[in-house]
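Listed below are the residues making up each chain.
4 protein chains.
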Amino acid sequence: MLGSRRHVAVVGPAEASERECATAHEIGRLLALLDVVVVTGGLGGVMAAAIEGCRSAGGVSLGVLPGSDRPGRSSVEIPTGLGEMRNALVVRSADALIAVGGSWGTLSEIALARRTGIPVVCVGGWSVADAHGAPVDVATEESPASAVEWVLSR
Amino acid sequence: MLGSRRHVAVVGPAEASERECATAHEIGRLLALLDVVVVTGGLGGVMAAAIEGCRSAGGVSLGVLPGSDRPGRSSVEIPTGLGEMRNALVVRSADALIAVGGSWGTLSEIALARRTGIPVVCVGGWSVADAHGAPVDVATEESPASAVEWVLSR
Amino acid sequence: MLGSRRHVAVVGPAEASERECATAHEIGRLLALLDVVVVTGGLGGVMAAAIEGCRSAGGVSLGVLPGSDRPGRSSVEIPTGLGEMRNALVVRSADALIAVGGSWGTLSEIALARRTGIPVVCVGGWSVADAHGAPVDVATEESPASAVEWVLSR
Amino acid sequence: MLGSRRHVAVVGPAEASERECATAHEIGRLLALLDVVVVTGGLGGVMAAAIEGCRSAGGVSLGVLPGSDRPGRSSVEIPTGLGEMRNALVVRSADALIAVGGSWGTLSEIALARRTGIPVVCVGGWSVADAHGAPVDVATEESPASAVEWVLSR
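Residue numbers (this note's numbering), protein chains in the order written: chain G, 1 to 154; chain A, 155 to 308; chain R, 309 to 462; chain P, 463 to 616.
Rather than coming from a laboratory, the hints here were simulated on the basis of the structure. Among the hints, a few may not be true.
Just the calculated beta-carbon pair ranges, DEER-fashion [what the hints assert, rightly or not]:
| # | chain 1 | residue 1 | chain 2 | residue 2 | range |
| --- | --- | --- | --- | --- | --- |
| 1 | G | Glu-149 | P | Arg-468 | 45 to 51 Å |
| 2 | A | Ala-285 | R | Gly-366 | 48 to 54 Å |
| 3 | G | Gly-67 | R | Pro-443 | 38 to 44 Å |
| 4 | G | Arg-6 | R | Thr-448 | 31 to 37 Å |
| 5 | R | Glu-360 | A | Ala-285 | 29 to 35 Å |
| 6 | G | Arg-154 | R | Pro-443 | 33 to 39 Å |
| 7 | A | Ala-283 | P | Leu-495 | 50 to 56 Å |
Remember, predicted model here, so these are calculated numbers, not experimental data. All residues carry an ideal CB built from backbone N, CA and C; glycine is no exception.
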């Protein structure tokens with residue numbers, strides 16, 4: 001049934017390296033092939049790459065935008081006008097989260113997902129340590145395929 | 155281009171008459187035929203009827219849900235967890251609004267759309283008068299086809 | 309106990325008549341005398357008058373602002389950056405709502421309050437009729453004192 | 463002027479150590495003595511300690527709550543019903559942020575503040591490293607007094 005599709009968010013910086021964009025593109029493509037709705041923040045960099053990968057495989061993407069305009073990148077776009085507060089809606093829209101690369105905005109999404117119990121896997125990106133310097137555990141995967149496999153097994 | 159599709163919201167009560175549901179169904183169907191994304195609050199009554207009409211014509215619908223669950227009615231669903239505050243996001247997601255029938259929730263959406271300059275047309279529903287009893291102008295149309303024509307001409 | 313104070317919202321247009329402002333000022337003053345936190349949208353017109361009335365009696369006011377600046381009118385200000393979506397937070401912050409005068413923004417607040425079961429009383433302002441022209445019931449009072457008495461008796 | 467008071471947020475986990483609570487209490491007390499409105503998420507642990515410290519010095523506190531109830535801890539309380547999404551409103555309400563201790567919720571607030579350019583200082587808590595293991599810079603201070611001095615100098 002169309003409506004029961006899974007939704008997975010792909011998050012990452014708007015200013016991303018070529019390698020990060022290639023990773024996000026492949027993740028978007030794989031999710032679309034598996035009939036998963038690809039949720040992003042709807043802008044450039046990692047987001048645009050995931051949307052474009054999704055589109056290349058004929059998939060459906062949802063852009064949860066910070067502003068009040070609709071750039072026309074995603075299949076469906078919701079211009080929330082919420083600024084960076086829309087990060088929480090990206091997280092809420094998703095059954096699981098794949099983070100590619102690091103930035104403060106991306107970290108806020110990882111933190112909100114962990115706070116609310118949504119599975120998160122990182123491909124590259126930032127790491128977190130507690131007050132004693134011990135690493136705070138976040139799942140990591142090396143490749144787009146293994147990251148997609150990881151989130152769909154949750 | 156897929157991404158540049160217009161988005162129109164169909165709003166109305168979750169508890170609706172058969173006639174209101176038939177109207178909403180036809181509006182959803184016509185919008186889908188015109189390649190417009192049908193945005194709703196994602197629940198029952200007028201919303202479910204518009205979604206079902208959209209689906210019957212192979213269209214894409216976006217459900218902006220008040221709760222944290224995904225009922226699986228719409229093509230893409232965003233479980234905002236915002237309660238009735240999500241009404242503002244339904245309005246922001248839309249280039250124009252068609253209201254079918256009346257309720258306090260529906261009236262809040264009409265009022266927010268008028269407040270923010272988004273075109274609104276009502277098919278049936280509530281009317282508003284100012285402190286002197288003079289009607290406060292809201293466009294009304296009798297039929298689904300004329301309502302759809304009205305919003306797409308804005 | 310300080311923390312257990314009641315919170316009442318005073319809502320109304322930013323462009324208001326002298327009479328509406330005088331009414332809002334008196335309502336703000338009376339609420340402050342009764343140790344009630346006066347919640348508003350934090351801007352001009354009816355809002356500014358209610359805040360000023362509250363301040364004149366040494367009360368505490370909360371401004372729930374649409375923008376990202378703090379105009380410095382209220383005792384405590386929360387610049388939500390949510391635009392008109394902050395209307396829902398004004399409603400949620402309040403145990404009851406007093407509406408003075410009419411506008412689309414004010415009507416959205418009345419509708420959200422009625423939708424979510426928060427007591428509302430109007431002093432002047434717009435009225436609503438259903439599809440058959442029958443009035444949709446909203447409590448009205450003539451004077452500031454009777455409006456304040458009405459909400460505090462809920 | 464009452465309305466032009468500065469607002470500083472004190473953020474940290476609801477389950478906190480005695481030492482973290484003592485730190486937050488002293489920060490709340492110092493901010494109140496400097497006539498700063500103390501903004502928190504309104505719940506227990508670090509939040510409750512900061513509120514209590516503020517109250518002990520006769521200050522005004524704002525609780526931006528995740529739920530729809532008003533626990534009665536803060537001078538003014540806004541029960542947003544937004545869940546963890548209210549973290550973004552805590553950040554927006556503040557001219558600067560002091561984080562005491564670490565948790566995913568706290569990290570989301572630090573990340574949003576950094577993302578939006580609001581000054582942040584941490585007393586204890588988590589640290590962040592980039593993909594190459596290099597520390598991502600966040601200001602830290604050892605004592606309540608130095609943290610308060612830091613934020614008020616921004």
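Could you tell me which of the hints above the structure violates, numbers in ascending order? 2, 4, 5, 6
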